[in-house]
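These protein sequence lines map, in sequence, to chains A and B. Residue numbering for the first sequence follows the numbering used here, beginning at 2 and increasing consecutively. Residue numbering for the second sequence follows the numbering used here, beginning at 20 and increasing consecutively.
Think of the hints as simulated: they come from the structure by calculation, not from any bench. One or more of the hints may lead you astray.
Unchecked claim - With a straight-line Cα cutoff of 30 angstroms, these simulated DSSO-like cross-link-like pairs (lysine-lysine) come out: (1) A:LYS6 to B:LYS90; (2) A:LYS3 to B:LYS83; (3) B:LYS36 to B:LYS26; (4) B:LYS83 to A:LYS6; (5) A:LYS3 to B:LYS36; (6) A:LYS3 to B:LYS90; (7) A:LYS79 to A:LYS35; (8) B:LYS143 to A:LYS6.
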Amino acid sequence: MKYFKTAIVLCIICGLCAVLIAFINYFTAPIIEKNKIEAQNKACSEIYPGLTYEEVELNGADSAIEKKWVAKDGDTVKGYIYSLNGKNSYGNISLLVGINLDGSAEKVVLTENTQSFASKVKNHVKSTYNNGATADVDNVDVKCGATFGATLVKELVLIAVNDYKGGAN
Amino acid sequence: MENKPRKLYELTKGIIKENPLFVLLLGTCPSLATTTSLEGAIGMGFLFAFVLIGSNVVISLLRKIIPSQIKIPCYIVIIATFVTIVKMLSEAFLPELYSTLGVFISLIVVNCIVLGRAEAFASKNSVGASLLDGIGMGIGYTLALVIMAFVREVLGTGGLTFGEIFTFLPYVSFTPLEKFAMSIFTMPAGAFLVLGVILAILAYHANKKANLERVKAKIEKEKLAKLASEAKEA
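Construct the entire structure; sequences and hints are all you get.
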């Protein structure tokens with residue numbers, strides 16, 4: 002009887018807590034989703050400013066690709082934006098890659114970076130992919146030193162480029 | 020008559036006399052990690068205070084129902100519920116604060132202060148007293164974070180910036196000492212330095228009176244010994 006009462010009390014407390022969390026989640030979930038979309042649009046506009054972004058369906062794409070948008074200026078396609086996520090033993094990296102119609106990378110924006118050398122990876126992305134020296138991403142070298150985070154960034158960029166080229170072919 | 024000063028004591032003890040960070044030395048891990056900016060520290064302080072007040076009140080309400088064998092699991096469930104609520108609310112309404120504090124919001128669940136107050140105070144006292152204790156401790160911890168963050172941001176960046184995390188405020192950056200900024204203060208080592216110096220200053224003030232009395236007693240003793248030896252010689 003004593004154990005029964007103990008179990009009942011714990012179950013009731015857990016149940017009440019679950020109901021409370023569900024109630025708060027009911028109100029906050031749509032706002033959180035809206036914030037995420039706004040943040041994504043903001044990041045997309047960093048790559049192709051002033052355009053509209055339409056989500057494209059992923060068919061048999063690499064598992065690192067989470068989402069894909071087409072950036073349009075009216076009806077004219079200007080490029081594609083890929084949302085990718087990769088991880089290694091040093092942490093996670095989420096980034097957006099803009100791919101121009103000629104297959105070059107327009108810009109890379111880090112959206113999440115939990116690598117232990119996070120600032121180095123950030124600087125590497127800035128110096129390697131965002132200064133116009135990225136016309137041929139296939140042959141781009143890691144310039145900030147052999148950090149694993151930078152290698153992961155390079156792999157993710159190449160996945161996006163290859164997906165675009167595969168789709169274009 | 021006696022109740023009023025006691026209530027006031029419950030409210031104010033956490034601010035200075037039993038400050039959770041500077042006196043009890045609890046919750047130091049998040050205090051070192053989240054005090055790189057003043058806005059982040061204020062945000063962390065408010066979220067922490069919300070969890071502490073909420074869990075204190077609920078635990079005090081349920082203190083006679085919860086069997087002693089499952090006290091700790093029940094406290095953890097209640098505290099985790101409040102932390103989850105705080106996490107969802109901050110992600111929805113203060114997304115910049117949520118992304119700045121990151122994992123340290125979730126880590127409030129295992130903060131020694133929250134669990135400590137639940138076990139040491141809320142489980143033994145009335146709802147009103149627990150509420151006052153939560154408010155006092157919450158203010159005390161927030162105040163301690165604000166002091167640390169102010170020192171670290173001013174020394175580390177050469178000034179203060181507002182509107183970066185609390186985006187509803189206009190963006191204001193006042194950095195007149197930028198040239199003299201010492202970036203070590205924005206790093207974990209700087210946090211240890213600042214906390215150490217603040218603790219030393221507080222210890223000096225706390226022991227000042229006792230030290231003065233000790234010195235006075237020693238002088239008095241020496242005087243008496245001198246007088247005694249003079250009398251003996253005469």
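Tested hints:
1. Pair hint LYS6 (chain A) plus LYS90 (chain B) holds up; C-alpha atoms about 13 angstroms apart against a cutoff of 30 angstroms.
2. For a cut-off of 30 angstroms, the pair hint linking LYS3 (chain A) to LYS83 (chain B) stands: about 15 angstroms separates their Cα positions.
3. A distance of roughly 15 angstroms separates the Cα atoms of LYS36 (chain B) and LYS26 (chain B); the hinted pair therefore holds under the 30 angstroms criterion.
4. Between LYS83 (chain B) and LYS6 (chain A) the alpha-carbon distance is near 13 angstroms, which keeps this suggested pair within the 30 angstroms criterion.
5. A threshold of 30 angstroms between alpha carbons decides the hint, and for LYS3 (chain A) with LYS36 (chain B) the separation of about 42 angstroms lies outside it, so the pair is violated.
6. Between LYS3 (chain A) and LYS90 (chain B) the CA atoms are separated by roughly 15 angstroms; this keeps the pair inside 30 angstroms, and the hint holds.
7. Using a Cα cut-off of 30 angstroms, the hinted pair LYS79 (chain A) and LYS35 (chain A) holds, with the two alpha carbons roughly 25 angstroms apart.
8. Distance check on the hinted pair: LYS143 (chain B) and LYS6 (chain A) sit about 21 angstroms apart at the alpha-carbon level, within 30 angstroms; holds.
Hint violations for this structure: number 5 only, all remaining hints satisfied.
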